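Those protein sequence lines, which keep their order, are chains A and B. For the first sequence, position 265 matches number 265 in our numbering, and the numbering has no gaps at all. For the second sequence, position 230 matches number 1230 in our numbering, and the numbering has no gaps at all.
Since the hints were derived computationally from the structure, they do not count as laboratory data. Do not rely on the hints blindly, as some may be mistaken.
Residues of chain B placed beyond 12 Å of chain A at every Cβ, according to the derived structure [stated by the list, open to error]:
#, residue
1, ARG1032
2, ILE1040
3, LEU1056
4, GLU1059
5, GLY1087
6, ARG1099
7, ILE1108
8, PRO1214
9, LEU1339
10, ILE1342
11, GLY1344
EDC-like mimics (lysine to aspartate or glutamate), calculated; alpha carbons at most 16 Å apart, straight line [as the list claims (entries may be wrong)]:
#, chain 1, residue 1, chain 2, residue 2
12, A, LYS110, A, GLU216
13, B, LYS1310, A, GLU216
14, B, LYS1043, B, GLU1059
15, A, LYS310, B, GLU1216
16, A, LYS89, A, ASP101
17, B, LYS1217, B, GLU1173
Nothing here was measured: the structure is a model prediction, and the numbers come from that model. A virtual CB, placed ideally from N, CA and C, is assigned to each residue, including glycine.
Protein chains: 2
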Amino acid sequence: LTDIRPVKPILSALHGTVVEPHPVWLMRQAGRYLPEYREIRTKATDFLNLCLTPALASEITLQPIRRFGFDAAILFADILVVPHALGQKVWFAEGEGPRLDPITADRIHKLDPTQLRSTLAPIFETIDRVKSNLPKTTALIGFAGAPWTVATYMIAGRGSDDSTAARLFAYREPQAFTALLDILIAATADYLIAQVQAGAEVLQIFESWAGTVPVEKLEDYSLHPIQQIVSRVRDHAPSVPIIVFPRAAGTNYLRYACETGANAISIDAHTSLSFAIEQFPANVVTQGNIDPLALIAGGRTLRSAVALAKTQTKGRAHIFNLGHGIRPETPIEHVTELLGLIRGSAA
Amino acid sequence: LTDIRPVKPILSALHGTVVEPHPVWLMRQAGRYLPEYREIRTKATDFLNLCLTPALASEITLQPIRRFGFDAAILFADILVVPHALGQKVWFAEGEGPRLDPITADRIHKLDPTQLRSTLAPIFETIDRVKSNLPKTTALIGFAGAPWTVATYMIAGRGSDDSTAARLFAYREPQAFTALLDILIAATADYLIAQVQAGAEVLQIFESWAGTVPVEKLEDYSLHPIQQIVSRVRDHAPSVPIIVFPRAAGTNYLRYACETGANAISIDAHTSLSFAIEQFPANVVTQGNIDPLALIAGGRTLRSAVALAKTQTKGRAHIFNLGHGIRPETPIEHVTELLGLIRGSAA
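Kindly produce the complete structure, drawing on both the sequences and the hints.
As structure tokens, this is what we get:
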């Protein structure tokens, strides 16, 4: 039997091959800026339920592929399905973002990893459905939150810009906090391995709150947990590329590139691509970092942002993406324009 | 006439002399964590009015000096007095933070810098009153916001964590945005020069939203405006040390140290002091960067944070401070403990 699938450009790029024009996908590409997403969204009152309904989640995952032909689809799900699967109460208050029944030090031992795969079985079914409907050149990206980031929500019971609750918890209850991270390392690795087994071809680990890790605890709370997850996934799926997105990591970006074992590092809009390219080890692929607001602004702003990124990444293995998720207010015609700029000959 | 004042340790440190124990002050040291501040706060319903009432503002400035004996007092005021003095409507909604009547591109030319010194005369009187009541070893720090940071408030009409409104404004109306920065450069330099003339001995420029400047516009929108202000102040007051605090500047911290002309750079809690010490030019003094949450946590967490910073800064010109403002919920006995740790022999 010969493998007759055409090469998937993003997989080649993630393995270090220079693919130009660079492959492209957008964080949150399956989301509220799309009218077809908003239409489906009305069918499920609860966001978590939407993530766990394969017929809807697979359709949402495929929507931006049909409309724009991105080089990768990303599973429609949420990083908080892991605490949900561990038994923590998670819900999404309309217009207010995620809510959780905040975890306390004395209840960490009650988190139960044994039901993770059964609770999240609908997500693996979503992956299977998407895979059988993807164009042959399009890869499917699975994902999870990094332990620090997920812990910030589990402890605060909601999102917060500075992770105050998690940082104080870690200062006051360092042993309980480490126990929580250990549970999340194991559960997240297991969840990602199951995604690969279901058909995910790339994995992205979101350390969305990398910027809030206490600086002297960066290794213990963020780098090492991610490295552990990468290592465990590699034991089961050595060829699946892993992207790490340490948003707002600032001066620590280099450490994520050197110390997590990631194939690729996603760069936020406030870190220079030139910095990453100059500093990162040669075998670490870059992803990013168009400002989501430049995509909203469009026109000259967008053209010059893409032209600059093209110049910076010329002759390198790179994946175009935004520096953060696409915003709901983004005009969809600007996304079409972005793809034209990336894939067209204008540089 | 001989100058018989004892040396002020913080001035020595800011001029590059190794002073150990390192001088110490805390951002927002005159603030809500102090019961005596909360008591005065009840006497003025409007925060802006409080900043512009010399009898109260000078008392507030002196409160933390009396209680803790910090090496510097920082003028009690707000960065938004500059837009106020330029004619923009500014008020403080109780429990909600600052509000401004948002500025639009077509109204930028109406900002009027000619009344700045008369509108802010009460602040210069506050400086004069504080100066005559400070211990002889204590320096008085004046301050202002950097143009980008102040512009984010002027455009959004309020604080925002990601400066979305200012970034979009700058993308869409680059000429108007540059005009606004130019007005702020001139007004801020004038304001700081007037503070020095009134008696301020050190100046700190707060680029609190350094982390949100579009990365390819860092020079135009943040570094150059600050450098211009530093240069204009130096023309009038060559010996007054200037501290720049580019909060959350991440990988760009080094550029602030190299390109603004600052005597000292204040480091946030998410950037490693070791990074700053290794990378910064030798003549740039460091300030920072104890995590305000470590100060809340106290105990072992605080002891180890101070011990680490002492080790990192041993034999260098350094100023102890927090990585961000002290939080209202900070136990005041932890501040006493912090000063003991810094000034005591324990390392």
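Here is how each hint holds up against the structure:
| no. | hint | in the structure |
| --- | --- | --- |
| 1 | ARG1032 | holds (16 Å) |
| 2 | ILE1040 | holds (27 Å) |
| 3 | LEU1056 | holds (30 Å) |
| 4 | GLU1059 | holds (30 Å) |
| 5 | GLY1087 | holds (28 Å) |
| 6 | ARG1099 | holds (19 Å) |
| 7 | ILE1108 | holds (19 Å) |
| 8 | PRO1214 | violated (6 Å) |
| 9 | LEU1339 | holds (20 Å) |
| 10 | ILE1342 | holds (17 Å) |
| 11 | GLY1344 | holds (21 Å) |
| 12 | A:LYS110 - A:GLU216 | violated (29 Å) |
| 13 | B:LYS1310 - A:GLU216 | holds (14 Å) |
| 14 | B:LYS1043 - B:GLU1059 | holds (13 Å) |
| 15 | A:LYS310 - B:GLU1216 | holds (14 Å) |
| 16 | A:LYS89 - A:ASP101 | holds (5 Å) |
| 17 | B:LYS1217 - B:GLU1173 | holds (14 Å) |
Of the numbered hints stated above, those contradicted by the structure are hints 8 and 12, listed in ascending order.
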